[in-house]
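*Asks:* Here is how the chains run, residue by residue.
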Amino acid sequence: MELLDRYLNAVKKALPKGQQDDIVAEIYDSIQSQAEDKEAQLGRSLTRDEEAALLKAYGNPRLVASRYGGQQYLIGPTFLPFYWYTLRIVLTIALIVAFFFSAMLPGGPLLSLGHVWGALWSTFFLVFGIVTVVFAVLEYIQRRFGRDVGVGAWDPRKLPAVNQRLVARSQSISELITNVLVMVWLLSSPWTRHALFYLTLGPAANEPFNWPFHLGLIWQQIIMPVIALFVLDALLNCVNIVRPDWFALRAYLHAAINAGFLAIAAVLLATPTLVTVSPIAHHTAHLLAAAGSLDTIARWLIGSCAAVCLIVIYCDLRPLFRERKHLKASEVTC
Amino acid sequence: MGTDTFENLRLELRRGCLTVAVLAHLRSEHYGYTLRKALADQGLDIDEGTLYPLLRRLESQGLLRSEWREENKRNKRFYRLSPHGAQILDQLLGEWRRINASLDRILEEA
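From first to last, the protein sequence lines are chains A and B.
Residue numbers for the first sequence follow this note's numbering, beginning at 1 and rising by one.
Residue numbers for the second sequence follow this note's numbering, beginning at 1 and rising by one.
It should be emphasised that the hints constitute simulated quantities derived from the structure, not laboratory data.
Don't take every hint at face value.
What the hints assert, rightly or not - Pair by pair, the computed Cβ-Cβ distance ranges are:
| # | chain 1 | residue 1 | chain 2 | residue 2 | range |
| --- | --- | --- | --- | --- | --- |
| 1 | A | ARG44 | B | GLU108 | 51 to 57 angstroms |
| 2 | B | VAL20 | A | ARG243 | 44 to 50 angstroms |
| 3 | B | ARG14 | A | LYS17 | 40 to 46 angstroms |
| 4 | A | ASP5 | B | ALA101 | 48 to 54 angstroms |
| 5 | A | PHE145 | B | ALA101 | 37 to 43 angstroms |
| 6 | B | GLU108 | A | ARG243 | 28 to 34 angstroms |
| 7 | A | ASN60 | B | GLU59 | 20 to 26 angstroms |
| 8 | B | GLY16 | A | ASN163 | 40 to 46 angstroms |
| 9 | A | ARG143 | B | GLU12 | 19 to 25 angstroms |
| 10 | B | ARG15 | A | ASP5 | 32 to 38 angstroms |
| 11 | B | ALA24 | A | ARG243 | 50 to 56 angstroms |
| 12 | A | ALA153 | B | SER102 | 32 to 38 angstroms |
Glycine is no exception: its CB is placed at the ideal position from the N, C-alpha and C atoms.
From just these sequences and the hints, can you work out the full model?
*Replies:* The structure is reproduced here in structure tokens:
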């Protein structure tokens with residue numbers, strides 16, 4: 001049976017090493033027994049076509065061999081829901097960050113579009129690959145060693161209450177976008193040359209090297225703390241995308257971050273000079289008056305930001321204080 | 001759609017039953033081909049692609065023992081229930097009878 005030899009050879013190639021000969025011998029015996037039964041019924045040897053039909057009925061060699069394999073999937077039903085959940089969240093965060101950072105790369109609009117498109121795809125495949133590999137490893141460990149790698153580690157008492165306050169994911173995502181946008185803008189400033197002009201004027205600061213005004217030294221000292229607070233806020237957004245039920249953590253941390261901004265605003269407002277006339281410019285009365293006006297405008301803007309921070313802190317902490325008040329009231333009633 | 005649903009449920013229902021049937025049949029020694037024929041004679045058709053991997057899995061779990069022996073001038077692998085397999089089979093049959101009795105009661109009430 002030349003076809004049988006070919007068939008067994010094809011099955012053998014796809015079998016797990018170490019068991020090939022044993023399994024092939026058993027399949028050989030099974031097919032031979034079937035062929036002999038058929039020949040006994042017909043009273044003659046099988047034709048080549050009948051032999052082919054018998055092997056076809058036995059099944060595709062690769063499929064037959066695959067049934068002797070161990071794990072047939074990368075990520076099984078136990079991990080699949082966690083895999084999709086993780087992939088959705090990590091992809092959302094990674095794509096937002098990749099979009100804004102790639103959009104800020106220098107170049108014309110078409111070049112930027114190319115950067116963004118390329119960055120989005122490469123980020124998608126990178127994140128998809130990493131998350132898949134991590135879950136495939138977890139699946140392998142669970143199957144190979146029978147160890148619970150976290151799925152069983154949950155407690156019904158720690159599940160979020162039905163009426164528990166949640167931070168809306170849409171809110172976390174929109175705040176993350178804003179924070180990343182501001183950070184990219186701050187970080188892409190030409191720090192070593194005129195970072196402070198860039199901080200206040202944006203890309204327009206690239207041109208006016210003969211700008212007649214000069215920002216006070218204090219601006220150089222506050223830029224890094226400002227960036228650090230935005231980074232912290234972005235990290236908090238990422239945490240809340242994963243755990244929207246960590247409402248209290250968000251409230252306290254967000255209030256603390258805004259308190260940080262408030263402190264920076266206070267330092268700026270306490271500084272005697274925020275904008276002066278540049279040492280290289282002629283100190284005319286006209287320029288001095290303009291610098292004074294700019295200084296006043298800057299103070300009003302900083303004051304407005306400080307007021308916004310105060311409102312945000314109030315909005316963050318108010319629900320927690322009200323909740324505590326209700327709890328105390330209910331304890332007294334009981 | 002309806003046929004697919006039935007087929008999926010039927011396969012699910014059969015999967016566990018086949019294991020019990022194979023273990024029960026192997027209280028006496030068989031090799032793969034005669035076991036398959038014996039099961040088919042009793043109304044339980046099972047294709048080779050399912051039976052042989054199942055036999056290996058049951059053997060790797062210690063429920064079956066096997067040995068290669070020559071019969072009719074050909075080497076054949078004979079399977080038989082192990083002592084551990086016999087214990088498990090008893091437990092499975094007990095469970096099977098309980099499920100069957102419960103189903104009977106549910107169907108009588110319905």
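*Asks:* Please go over all the hints and tell whether each is borne out by the structure.
*Replies:* Results of checking the hints against the structure:
1. A:ARG44 - B:GLU108: 51 to 57 angstroms: Between A:ARG44 and B:GLU108, where Cβ atoms are some 55 angstroms apart, the hint holds.
2. B:VAL20 - A:ARG243: 44 to 50 angstroms: holds (46 angstroms)
3. B:ARG14 - A:LYS17: 40 to 46 angstroms: violated (32 angstroms)
4. A:ASP5 - B:ALA101: 48 to 54 angstroms: holds (52 angstroms)
5. A:PHE145 - B:ALA101: 37 to 43 angstroms: holds (38 angstroms)
6. B:GLU108 - A:ARG243: 28 to 34 angstroms: violated (50 angstroms)
7. A:ASN60 - B:GLU59: 20 to 26 angstroms: holds (25 angstroms)
8. B:GLY16 - A:ASN163: 40 to 46 angstroms: holds (42 angstroms)
9. A:ARG143 - B:GLU12: 19 to 25 angstroms: holds (21 angstroms)
10. B:ARG15 - A:ASP5: 32 to 38 angstroms: Holds: the Cβ-Cβ distance is about 33 angstroms, inside 32 to 38 angstroms.
11. B:ALA24 - A:ARG243: 50 to 56 angstroms: holds (51 angstroms)
12. A:ALA153 - B:SER102: 32 to 38 angstroms: holds (33 angstroms)
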